Structure formats: structure tokens, C-alpha cells
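A.B. asks: Here are the chains, one letter per residue:
Number of protein chains: 2
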Amino acid sequence: MGLIVQKFGGSSVADAEGMKRVANRIVATKKAGHQVVVVVSAMGDTTDELIDLANQVSPLPNGRELDMLLTAGERISMALLAMAIANLGHEARSFTGSQAGIITTSAHGRARVIDVTPGRIQEALKEGAIAIVAGFQGVSQDTNDITTLGRGGSDTTAVALAAALEADVCEIYTDVDGIFSADPRVVPTARKLNTVTYEEMLELAASGAKVLHLRCVEYARRYDLPIHVRSSFSNKEGTWVVKDHPEGGKMEQAIIAGIAHDKSEAKITIVGVPDRTGVAARIFQAIADADINVDMIVQNVSAAATGLTDISFTLPKTEGANATSVLQRIQGEIGFQSIQYDDQIGKLSLIGAGMRSHPGVTATFFACLSEAGVNIEMISTSEIRISIVCRASDLEKGVRSAHTAFDLDADQVEAVVYGGTGR
Amino acid sequence: MGLIVQKFGGSSVADAEGMKRVANRIVATKKAGHQVVVVVSAMGDTTDELIDLANQVSPLPNGRELDMLLTAGERISMALLAMAIANLGHEARSFTGSQAGIITTSAHGRARVIDVTPGRIQEALKEGAIAIVAGFQGVSQDTNDITTLGRGGSDTTAVALAAALEADVCEIYTDVDGIFSADPRVVPTARKLNTVTYEEMLELAASGAKVLHLRCVEYARRYDLPIHVRSSFSNKEGTWVVKDHPEGGKMEQAIIAGIAHDKSEAKITIVGVPDRTGVAARIFQAIADADINVDMIVQNVSAAATGLTDISFTLPKTEGANATSVLQRIQGEIGFQSIQYDDQIGKLSLIGAGMRSHPGVTATFFACLSEAGVNIEMISTSEIRISIVCRASDLEKGVRSAHTAFDLDADQVEAVVYGGTGR
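Listed in order, the protein sequences are those of chains A and B.
For the first sequence, this note's numbering gives the first residue as 1, with consecutive numbering after it.
For the second sequence, this note's numbering gives the first residue as 1001, with consecutive numbering after it.
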């Protein structure tokens, strides 16, 4: 008997059939003797359709009104889900983000959770009901306006609620069986991971793995809340995201938990930058002021003869045009020679808490890439991650060779992808 | 410079084009120097589509959840309308029923407005913004749950808000040019009325005219709030619903304001009822206990020989089966002979404050029906209305003959019907 928060994405509740399947699963959990809180996203493509409508009436929709519009999506799915559960003979009550006490900042479209005051949820649970909560939304503390949490928002809602309710576990239902050692579409022999640590999951999410969003993992780590990532289409055990790998598994714990890859970034190289104190700071301040997230940064040793150096960094392709124009504006002030923009890159990351105690990881990694004929253009490391940038066209080849080199291949194909992706 | 509440139905905002057209009209009112509060219904068929979805997951959706679901419709339309207005360079803020302070009973699907506390609306107006309010919805005083107001709910929202804000006028936009002397689809020469009194409008609405709902007219009368019913597709002056016909027009005021007809009712005749004190009361108490609304009631003089009488009443066809089974249950107790159910009837009503001082109205009415070959089956009168029941197949013939007999025909066809009907 525990308290379980279950989150279902848009692809799990895309139509009435999906609603009923999910309702059955929720009721099964309830019947097993647990208290159940469900967080649900908007049905299928609802959010995209609403954004289309907004663009039809306004080229640049106001943030407050866009949030008001988009939150209608979860309102529809949570009410339908509550009805489907009631139809199975169990009481379910739906709550908007505001009713569930998800208090946020007032930054429309990317609000952050400040506080969770789930009084109405606790009351519903006490009365034996299943609580259904709209994901992705909250209410701003200052203006009392409806807000949305941005990408991955429903996962964040689920984890934030689970933490506030001191739930035993937050189950994130998706259309794959869990977290894999690599993207099964690229590496058919990818292995489902039984456990991943918060740190590994953070590095995986930051490196391009799409299953869980960074913010929700950060939240779970802060409250030491176990996340169970599993499929809404099967009853298989999925992947547990926890503080440490279990004791029993430590001996045979792989050095590398997984390999992530990402084709969504571009590389900008600023050529001929004067090697003076404060120049890099000035450049990245200008980039930050334009609200652009930079990922990897590499600065070469300057050539003594010229006193000039090159600075390269990667960033989301969608920010490329913006960053280029920001740099052009400060070219005169900084005095660099030119800007090179390259959107044909791929990023490949090895992640694993085990690599801390295995100094040979980097050597093995680079050797296998070399054998596969993959040229390394940039390198960046953390304590439990090594990332390299290569040509986009070499990326999948690199993923497969590293997967084999670190002995991650399963004996058979384990992954089944059931549907699209939720929010 | 005044405060105007404008209500737009679902057919006016059925798509992005409609949104933009309505936004232009709202901005024109604002530019003319008025403060503007807009009440909007769900887009086009949204509500029906949501009800379809609900029926797909549950045969009998829970009232609380159905209200949660349906209110998503207005949320979408109000946010889009606010964006369309912003796109014209004017600030607009959307508010849910709850945010607008529409406080109701907790009767889901048919909540009644208890109080209106429009603090956020007044604040928005003070800051120069246009306020957009979701029609049809409120929040229950007791449970803090989302409620809906039932049929005609958006009109009620508009009038209730206008009264609370002490607005100068509540404009109800629709797809016809106003209130007509008869249904233009039946009487092509029907005349648009410049003014109708609250009393006349109440009788018209109760007698089958669909343009304004009973509850909103009752509300307007209570607060002496002028309603202007007009087309969202043209700039023509529509029909004013007010306390009295204007002084200047009194001399030439028609005896009859309009003719309404209704095919949605059925007639039940209880044959051979013992003519004892309390029997009718017992019958209609049983009907009322089943929440069935009865319209006309006629009891014949009992035949002295038998001590038995017949009682006939009309009611919505949708309640027919329910009422019949209620009566069958009490047949033994009351001791009547049989029940006759007839759903092939039509109701024709003459309405006009002028008939108070014109005793000949009834005679003229019955004579014209007789000439047209329409047989009268039931009669019911109020101070400003005469209704008769006839065969459904004779109804339109009766409407046309009465329209002519009371000199209501316009010189030319005035009515244009632009689209479907809103909520």
C-alpha cells in the first residue's frame, strides 16, 4: 500500500481507446491497494492543433493568451480520463494545475514551479478517489494567471506533485519499455537499463536522450524521488531512475550506462579572436543576453606569433541565426576575423557513473571511433560523461561502434517502439 | 463613452476568419470610446465534438467531469479572440468564468448564477484593456468546482456580467438581424422588431422563439438592463429588448409584437380522472418530482353523470417517455382510465403588450385560424399572450394566417439568416 503518481503522455491518450486502456491500468493500480494520482498530457496532437489555430489569428500570439489556449488541451484529456475511470466503477476527480496547487513563476510558456500546495489532491485521496491532474500547467504566484511549464512540462508536474505528496514512486509512462543503452532506432541491439542514477539520467537527457526531460530529473534528484520509466502499452518492468545502482548489481555494473546522440545542434566557430583577458566573457555574455543556450565550448591554444585564437561552441540549430547576428553586432568591438556556421554536426556522448574509476574509457572510446573512421572535431568531458562532435553523417556509425566497444549489445533485440512521442 | 458588454455565439467565431471579423467589430466599439467586455461561446461545433468524445469513453459521463470537459471549449475561443484583438494593436485579456467571478450553485450542467464579483474585469477595464470572458461557465460557491450554466448559458453570462458591471447595454450578437414578428423561415414577410419589452420577450422565449433564452431575459428584466439583439454579420441596428416601448412609437404600436411557434412539445391526455379535490395536485406533484417541466394544462368540465374528467397537458417531447412511466406508476392510486400520448402537435402563440387594451384579439385570432382550416385543440392565455395547440401539420399555415390577420407583414422580405446557431 503506497502512494503512486502516474504520468501518461499525449500518445498514450490519443483517442478514446487509449483513454480506456490507460483507465484500466490506473484502476489496476488502485485495486492493488495503492493511492493513485495521475498526471496527464493533452491528447495526441491537440497542442500542435491549438498552436496552429493561434497562428491563424495572430503571427505572434501573446504569452498569457497562448498559455490560456494550450491549457485547454489537458483540461479535455483529464476530464475524459476521469469519466473513463468512473465508467469502470471507481471515483476519479480531475484538477487543473491551479486547483492542484502548482504555483509557478509568471514566465508564460516556460514557467518554473515555485511551490506545490496539493490540498485538494490530498482531500480527494483521503476520500478514496483517484486524482487526475492536468500536466504542463500551473498558476502564477504574482498575477494569478494560468501558466505553462514548457517542454517536458507534464513530467515536471508529475515529479513535483510526487515530491510534494511524498509519493513512493513517480511512474512515467511512455511508448518505449524504458531507458535504453542507446537509441534502439540506431542500435537495434540496444539494451534496456534496469536502473540509471539521477546523475546518469541528467547527462543522458542533456546529451540528447528524449525520454525524460532535464528539469524533471533535477527535481527528482533534489527530493530523492524514484522515477520508474515504463511502457503504457505493456506490463513489463521499465527503468528505475534512482540515487544509486542497487548494491547487488554493483559488481557487474557496466562502466558505461548508455550512449546518447544528438543531431539538433550546430557549431559556430569564431575565427581570429584576440587572445585578451575578458574577450571570451564578453562574447558569451552577449550570447546569454540573447537568451541562447550554449552547450560545448572549445578554445584552442593561441598561436604565439599572431596572438589570435579560435573559439568554437555548439548550440541548438534553432538558435543559429540569432547567435550569428548577435556575434556580427559585436564584431567591431571584439575585433575577431570571421564567423563560421556549421549545422552538419552530430554529438555523441558516453555516460556512466562507472567511468569515474576506469581511466581507460577515453582511450577505448577514441580508438573505436578511429577504427570506425569517425573524425573527432570537439571534445568535452564531465566526471561521468565524454562527448565528442563529429560529422552528422558519421554519427550513427560512431554510436554503433561505441556500443559494441563497451560491450553494451544485448543478445537479442529488446526494444519495441509502440507509438509517437508525448509531451 | 459607456460600458458595453458584447456576446458572440459559437457560429460567429466558428473559425479563424470569424475570430478576426469579431475582433474587428470589438476594436471598432473600443475605438468609438467605449469600455468593452466580451462574452464568447465555444467555436462552432466544439461543444458537440467534446460531448461525442465523452460518450466514447463513458455512456453516462459524470456531471463534474463533463463540465470540466466542456469549459475547455470557451477557453480555446476566448484565448484565440484575445490574440486576434492583440493582433489589431489593442490589449485584450481573457478570463475564465471563475476568474471573472461568476459564482454559481453546484448543480453541474445547469448551475444558476448566485453572485458576480468581477474585480479582475474591472481592473482590466481600468487599465484600458478589453476583457474577454468565457461564456456558459462559472465556479460553484460550495465546492469550488467548475460548473456550466446549461442551455443559453453564454447569454446569461453576458447579462449577469452587464448587470454586475452596470453596463449601459448588453449586445447579443447572433446570425439574424434581430427579433422578428415571426420565424422568417415560415413567414418570409416577417418584420424585424425595433423594440420588444422584457415581458413580450419572456413570452416569446417561452413560446418557442429561439433567439434569446428565458433565463437571460429574466435576469435583464430584474436589473432593467437593455439588451440589443443584432447580427454579427452586418452593422444594422437590431432589436432592443427594454422595459417599455419608446414613447414616440406608442401611438403606432402594434397590438401584437410577434408570433411564436413550437413543434418540440407533445401532449399527454389522462382520460377518465375521478373529479375529486386533490387529484390534479397529486398528478402534477408526481410529474414535478420527476423534474419534468409541464407547459399548458387543460382540464375539461366533468360529465355530471360519470363524475369523471379528462386532463391534458403539454411537455417537451424529450420528457414524454419519462412522464408516461411516472403516470403509469400512479394509475392504481389515482384510478384514471388511460393515458393518451400525442407528439404530432404544434403550439402557436400570439404575443404583445398591446393586447391588454384590445379585447378583440382572441376573436380575430380564432377567426383567422378557422378560415385557414386550423382546428384548435387546446387554449391557454396570459395577460399578453394567447397560445393554442393544433396539429403539427397545420402549424405553419396557422402562423402565416395570423401574421397577415394582425397586419404584421412587411412590404418586403427583411430577414437574412447568415449561418447556424450559437449556444
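Just so you know, these hints were derived from the structure itself, not from any lab.
Remember, it's a predicted structure, so these values are computed and weren't measured experimentally.
The C-beta atom is built at its ideal place from N, Cα and C for all residues, glycine as well.
There may be inaccurate statements among the hints.
Now the in silico label distances, taken between C-beta atoms and shown as ranges [as the list claims (entries may be wrong)]:
| id | chain 1 | residue 1 | chain 2 | residue 2 | range |
| --- | --- | --- | --- | --- | --- |
| 1 | A | G109 | B | K1317 | 25 to 35 Å |
| 2 | B | D1115 | A | K126 | 23 to 33 Å |
| 3 | B | K1236 | A | K263 | 35 to 45 Å |
| 4 | A | K236 | B | N1322 | 45 to 55 Å |
Here's a subset of chain A near chain B, in silico, CB distances under 8 Å, partners left out [stated by the list, open to error]:
| id | residue |
| --- | --- |
| 5 | I51 |
| 6 | L53 |
| 7 | Q56 |
| 8 | V57 |
| 9 | A79 |
| 10 | A392 |
| 11 | S393 |
A.B. asks: Hints first: check each against the structure and report whether it holds.
C.D. replies: Going down the list of hints, with the structure as the test:
1. A:G109 / B:K1317: 25 to 35 Å: Once the Cβ atoms are compared, 49 Å apart, the range 25 to 35 Å for B:K1317 and A:G109 is violated.
2. B:D1115 / A:K126: 23 to 33 Å: 29 Å, holds
3. B:K1236 / A:K263: 35 to 45 Å: 59 Å, violated
4. A:K236 / B:N1322: 45 to 55 Å: At roughly 50 Å between Cβ atoms, B:N1322 and A:K236 fall inside 45 to 55 Å, so the hint holds.
5. I51: 11 Å, violated
6. L53: 6 Å, holds
7. Q56: 4 Å, holds
8. V57: Status holds, d = 4 Å.
9. A79: At 4 Å from the nearest chain B Cβ, A:A79 passes the 8 Å test, so the hint holds.
10. A392: 37 Å, violated
11. S393: 41 Å, violated
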